[in-house]
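Line by line, the protein sequences give chains A, B, C and D.
Quick note on this note's numbering: the first sequence kicks off at 1 and runs consecutively.
Quick note on this note's numbering: the second sequence kicks off at 1 and runs consecutively.
Quick note on this note's numbering: the third sequence kicks off at 1 and runs consecutively.
Quick note on this note's numbering: the fourth sequence kicks off at 1 and runs consecutively.
Everything labelled a hint here was simulated from the structure, so no lab data went into it.
Mixed in with the good hints there might be a few duds.
A pair holds if it fits inside one copy or across any two, identical chains being indistinguishable in the list.
Unchecked claim - Cut-off 25 Å, straight-line C-alpha distance, at most; resulting in silico cross-link-like pairs (DMTMM-like, lysine to aspartate or glutamate): (1) Lys311 to Glu340; (2) Lys447 to Glu55; (3) Lys74 to Glu340; (4) Lys82 to Glu141; (5) Lys204 to Glu340; (6) Lys73 to Glu338; (7) Lys73 to Glu337; (8) Lys461 to Glu442; (9) Lys461 to Glu420.
Number of protein chains: 4
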Amino acid sequence: MRCKKCVLESTERLQDSCGVVATIGKNAAEKTFMAMVGEQNRGQDSCGIITFDTETKLFYPKKGYGLVTEVFKKPGDYADLKGEYAVGHVRYPTVGSTGEPQPVETNHPMQGIVLAHNGNIANLAQLKAELRKHEFGFKTEIDAEVLLGKFVQELMRTYHDFEAITSLMNDVDGSYSVVMINGKGKLYAFRDPLGIKPLVYGEKNGTFMVASESSALQTAGINLLGDIPPGAVLVADKEGYNIKQLIEAQLNTCVFEHIYFANPQSVIDGIEVGSFRKRLGKILGARIKIEADVVMPVPFSSNPTAQGFAKSSEIPYKEGLIKNQYVGRIFIKKNDEEREMGVRLKYNIAKSVVDKKRVVVVDDSIVRGTTMKYIVKLLYEAGAKEVHVIIAMPMIIGPCFYGVNITSYTELVAHQKTAEQINHEIIQADSLHFSDISDLYEAGRTKDFCVSCLTDEYLTKEGQRLSQILKENGGKMERRPWDE
Amino acid sequence: MRCKKCVLESTERLQDSCGVVATIGKNAAEKTFMAMVGEQNRGQDSCGIITFDTETKLFYPKKGYGLVTEVFKKPGDYADLKGEYAVGHVRYPTVGSTGEPQPVETNHPMQGIVLAHNGNIANLAQLKAELRKHEFGFKTEIDAEVLLGKFVQELMRTYHDFEAITSLMNDVDGSYSVVMINGKGKLYAFRDPLGIKPLVYGEKNGTFMVASESSALQTAGINLLGDIPPGAVLVADKEGYNIKQLIEAQLNTCVFEHIYFANPQSVIDGIEVGSFRKRLGKILGARIKIEADVVMPVPFSSNPTAQGFAKSSEIPYKEGLIKNQYVGRIFIKKNDEEREMGVRLKYNIAKSVVDKKRVVVVDDSIVRGTTMKYIVKLLYEAGAKEVHVIIAMPMIIGPCFYGVNITSYTELVAHQKTAEQINHEIIQADSLHFSDISDLYEAGRTKDFCVSCLTDEYLTKEGQRLSQILKENGGKMERRPWDE
Amino acid sequence: MRCKKCVLESTERLQDSCGVVATIGKNAAEKTFMAMVGEQNRGQDSCGIITFDTETKLFYPKKGYGLVTEVFKKPGDYADLKGEYAVGHVRYPTVGSTGEPQPVETNHPMQGIVLAHNGNIANLAQLKAELRKHEFGFKTEIDAEVLLGKFVQELMRTYHDFEAITSLMNDVDGSYSVVMINGKGKLYAFRDPLGIKPLVYGEKNGTFMVASESSALQTAGINLLGDIPPGAVLVADKEGYNIKQLIEAQLNTCVFEHIYFANPQSVIDGIEVGSFRKRLGKILGARIKIEADVVMPVPFSSNPTAQGFAKSSEIPYKEGLIKNQYVGRIFIKKNDEEREMGVRLKYNIAKSVVDKKRVVVVDDSIVRGTTMKYIVKLLYEAGAKEVHVIIAMPMIIGPCFYGVNITSYTELVAHQKTAEQINHEIIQADSLHFSDISDLYEAGRTKDFCVSCLTDEYLTKEGQRLSQILKENGGKMERRPWDE
Amino acid sequence: MRCKKCVLESTERLQDSCGVVATIGKNAAEKTFMAMVGEQNRGQDSCGIITFDTETKLFYPKKGYGLVTEVFKKPGDYADLKGEYAVGHVRYPTVGSTGEPQPVETNHPMQGIVLAHNGNIANLAQLKAELRKHEFGFKTEIDAEVLLGKFVQELMRTYHDFEAITSLMNDVDGSYSVVMINGKGKLYAFRDPLGIKPLVYGEKNGTFMVASESSALQTAGINLLGDIPPGAVLVADKEGYNIKQLIEAQLNTCVFEHIYFANPQSVIDGIEVGSFRKRLGKILGARIKIEADVVMPVPFSSNPTAQGFAKSSEIPYKEGLIKNQYVGRIFIKKNDEEREMGVRLKYNIAKSVVDKKRVVVVDDSIVRGTTMKYIVKLLYEAGAKEVHVIIAMPMIIGPCFYGVNITSYTELVAHQKTAEQINHEIIQADSLHFSDISDLYEAGRTKDFCVSCLTDEYLTKEGQRLSQILKENGGKMERRPWDE
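If we strip away everything but chain A, and leave its shape as in the complex, we get:
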């Protein structure tokens, strides 16, 4: 049996839910920059661009911590990134993280390879150990480097790019939406056979682009062509592109993407995110009967859900919680006092909307419950007669090994609790309601979702094994250095 330490390593970097971009075309760095801004919602911790110039045959990197518009403050900041090939990456913010920004790179073979990745590798530790045996070493703890190493190893074994990616897909357990460019002028983009994380491509006026979300293409002015299918690879160069299905696959889009991560205007695997949310709100408004005077979202991810809820429940929609657009990243909250201060800085209440009213407040999900508790408190303080909480996501009862930063059973407020218990012990509203998985299927008009965290049943072998070990350890891993 494996020791706790090994579990630890094998699940490290769970939190790397991020956004990727790869571009071929004139001003590749500028287009990549724009696309990264357009999917900045996927990660605000750090970012980076590496370009390749076919003339100088050099790679040009620029990485940094913060928003894309903080790292690239003015045109000159990406103007140095010469060339017609670029890979970009935005990284998810996680408290205490020491992780470096992507993309990662190697100088050989293929005259150098640059890679960026969104997802989570469940069998990371095993892969790392094997790669070391094959003389590959690691410069960082970034999981993308393992994907790079694996690709390099298989390439040097097979001497064939598609075979190498196929081998990778057979051996890597987890979610990964990957983009790569190399020093020979090729762009590769591929997606794990479960299709958990999104990956789309598009084109306009000679610029070809792959990105995590269609909002990225839109901001860069690129027309969406489609989703890269699970288990497939797209290869492109200056002449054109081609998609090839490498192994049998089945779509399981992460349901958190539709409810929380993604931009409302993005289209993921054929579903427009905002419309999904509105339909889900309508379903909930029709099902959950509440006598109330006003429905309001916790802005902004829940705006369409609340609007849907208002429509079917016929309770007026109003903006009662005003989000402060200028708060920026606030210092790390170490205790309840600082967490409450954080919520106060982030949200103001429109007193006239709330005072003496029965309020329905709609949010996307509850993981640990610390924010919703203070929002409810603020609403009562502002004079609300009643507060009813609607949560778009069903109750989360299991950790995620495929890209969402939930790493134990014990951190979950819904772990072995009912909605009523959660409300009574933490949220302290007049009522608390969650959606069901069937609501999600109805809103999505499909069942092609990964709902592992809602069912505690995992799609992959490694996921099943890790959840078992966690349960044996009392639902919890040892503290890891990047946890707070």
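Given chain A, work out where chains B, C and D should sit, using these hints.
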């Protein structure tokens, strides 16, 4: 007659529309920090706090460029600001500005005075010249230093605080909402006799606070007590506070505050800003008849206006323009191409809301028209069949000498033009509609507004004189260093 | 009797031994910058320049931490400091210091005054208390602000500049070499009636300059005209300058200036520093008889002393200790291990000069003895057969209240010890020798020196009182915040 | 025939004369840091350390611009660099350089390799082209990456470390002193078969170290064991070390090392640098007859030379030029005015030493002559009756392709000129004297020097070819981006 150069000086720093805070109580720096975040909408260019500690008898300053949460990144960043007295300031962003952050200060008399100000002084040049004759010199170009110098001069003449402020009110032409603390443990707050810029006060649990907006009090957890009347002074110390009317006065709240600057949940001179906007939207929706499928705001200042418009026009309200929350401050735009890029980075379109639809888009105001032009372009690109533009503010036909950054006739898109001409030449929508001044009066249920920029008739002598000079100079001032 | 806490305050900021510059002429900022580089030896902790421009009538400040060439890295960094008047300051490095850079300033009277100071005020606490009574407050803990406040207070009492300075000289106990400019285009420079700290002036091609050391004038290309006499003021404007003796005075140049602080090529009160050191070395070489193979300095302050010693002793002079020019400021040393590391990083040994040799090593002074101990250790490690230590300064037996950072009896290695004891307990060389006060008088060809720290007899009332209190407190003050 | 563009590329990065360090042992980062400080004279532009930890199996990098003590300001700054293996590098400052700091690295094979290098590769362009054919790409323009790529390529061909290095030595034309560590716990150090650049090794208390200069070992407290012979490799791990001669070789130490680059206390290929300089000074003092009152060095590289000259000429040695230790790196000089300002900031004159005296001033070398011209001017200004200039280096008549930043004939002041012409046209002293090559051989007691730049005859094929092309192009290359 005055030369153009003199006009220049007398109107310098027009753009200083800002936010002020002054606090007495425990953790004065922290409370001030929170309040500044709560009125960050009033200025994102720079900020500062100066505290006074009655024990060490020292003043502690910290100023910097950027958001409040950028300058004060973590608790330690204001923890050094010791004492139970604090003055804070947030400054309006202006392209190319070289201006330093407030508050300003002097070391004598009163054992030191710290002052911060929101507004604009029309007769700045004359006041500066007089102060120099009285041996006062200037360390910066901040207009607040002129108010400080004037107060010091009058204090050394009269040996009486209220007399000094009364003299100041008689001699300073323009708008000014001022807060001051001194080394003898007093807080002063006063507002010009026209009451153009807001100034409110409140208290909770032994903390007393003055701020520009009630949203600042709310974020700091302070209960709003009321507005400081025009022409009055509030004086406070650890024992309590007192308000005294110094000269005869008449309220003329800047109408731009209600439509654009202020937080929707703020209450200014008795009017809740968000409700004002919603009522204005309803009035416009009832008056302006458009056949359309959807009404959407340019987020976020126009959300309530658009909701009001939707209500009375019975056209469905939808969020079709999605504002990217993570853009941050983008590099200065020097040409049309960069301006278009700026709009693309800032807004995405929910295609399903817009495609093949007749769209009504609602925005707060049009000054130069450069943003709305590209929003309309984006909407057509996304498939809109028709685009109709509703502007909450009437047509702006004159500059402002009282705190809004409009410094000439020629920069105004509405200067000597009709709405139709503006639409035809610049906006290029299917139709363009503005509100009337009477709509504002109806929505505000009062006429106590400054509408100088809408009528080209100015409330003060200096305003009348400056507008005259501008007209003689062809409606335009020479380029100033901080203009782009 | 006074409490310990009061002693504390009255001696705070003892360590401010610094350098000042004031300039009238074209490119005043550039000339001031050059002069500050030329006396950078007087302080490397922080620096600042404030200029005054008679055209804009504004003051332009720039201050920062580090070397002059770190704060002003390129021409543009002082190019913004417009005007024909400038005051500059370099500040002494002290571990743990929180003190801000000078110059200090006020906005009235005289249309603003900028002041910088080198020295130490013994009766600081009393002066501060009195100034507060006269409505003056303090923005910093910089002692220069007290001189500024005192000058302002006396000016507002007497309405006469020279009378104000005379009053200041009568009331301030300690050392102060002061430069000031004001918003009316005057430069003032004055020196305490004991003449403890240097202050020189010069001119070339229409540029007039006052500085702490003549090396500053030389670097700026200004010809030295002379020293400002003790108790006198120099006043200058664009037309010319004038010196006026204000009160009776007697020269007592700080002997530490000649032995350690000052540049060897500087001329202070008529004595060239390098020649003084060489003569002192000759005297010591003639008096102290040692059988040795080589004489070497601890570079660079002791180079001339060691050369003098070599000449009269007829032992060959060689450079055996090589100072690493690129060490920069090294992190604060908290323990013996880090102190030893500091010495190892700073000095290398030329093995061929030292190996199997009897070595005489010459240093300027021993205060705490921590550096010399490790130098001796390094020499033995490199193979020295014998190590003899010569110290140019006599044994320091008392603290300094006039500008040298020695604040207690207990920190002094020579406190109640003989040279033999010091060598035995700490230095551990074969022998250790100090100069006598009579050697200093002979080398200086004058007795006009302050030797208070060598005699424990103080020149001023406050010095006498403070030394008495220190003795009553066991020779030691309570730890102060800036001590490590 | 080759085009000019190719010459350009093949000689790019000539200026990389630097210092390397590699360490095995506890606290490898700290020891490497200390050693880098001890050879900081070899490069102040940028620096970096990469460590390898056998426990985490990760590489830890930290690089930056500036001095070692600027990039690593406090112990914590290298404390994160875990592991018992480290490679460090300091880089030569070159105006306008865009080059990144070393070391360079690859993640495979050998589980990752880190490499740093001092020297210059003459056939860089050819090697790069070949490596690209073998699928190796470049992330930077650093020449060390070419050495790394070459080693990797040969390793993957031969599967044997020594064979790979032997192949590298056969194919790389130029100078290179290289250190490497890998992820399998080995340290390699090797030196080109001409032995142009130094490379020494040593040990103490279980710490093994390779460095460019013995001064680095001394500062780190490591005992010097010897020089790595030309054409040999040293391989070490935690168990011990071994040296193996790989190809036939002949020592040709760069004579610039002895005269200018190296620390005086360093021992390079058996010669103590300071003693070499002193002997050279004596030889010159005996040969060149000048009637003068004083001999002084341009500090500090020429101090021993001047002391030797004084000894044999019997003219007194005095320190008349005082170097300002606090100037730091001064802004780039773009014209004569700024160059003169630079010299004024850097040097002061002890007037008493120079005034009315006949002065001999000794400097190490003259390449472009811009500094010496202003030093002579300063001496005359200070009253010197006569100024005679002695240059330790013979006249430089050819460029260097092996590590000194001289890249053309035309930049050389001595190109097709006599000493008299140089003095007349540029230096303008009373006389100007250079050493001869025979003086160097006599002072060094050997002829094992590279004197290519003094004879215009080059040691390698590529050097001969490049000098020929330069001559055909009129002695000059096209301007390159990093030239000023």
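Hints versus structure:
no.	hint	result
1	Lys311 to Glu340	neither (32 Å within a copy, 35 Å between copies)
2	Lys447 to Glu55	neither (48 Å within a copy, 45 Å between copies)
3	Lys74 to Glu340	between (35 Å within a copy, 15 Å between copies)
4	Lys82 to Glu141	between (28 Å within a copy, 14 Å between copies)
5	Lys204 to Glu340	between (47 Å within a copy, 17 Å between copies)
6	Lys73 to Glu338	between (30 Å within a copy, 13 Å between copies)
7	Lys73 to Glu337	between (34 Å within a copy, 17 Å between copies)
8	Lys461 to Glu442	neither (28 Å within a copy, 67 Å between copies)
9	Lys461 to Glu420	neither (34 Å within a copy, 66 Å between copies)
Going down the numbered hints, you'll see the structure goes against 1, 2, 8 and 9, while the others check out.
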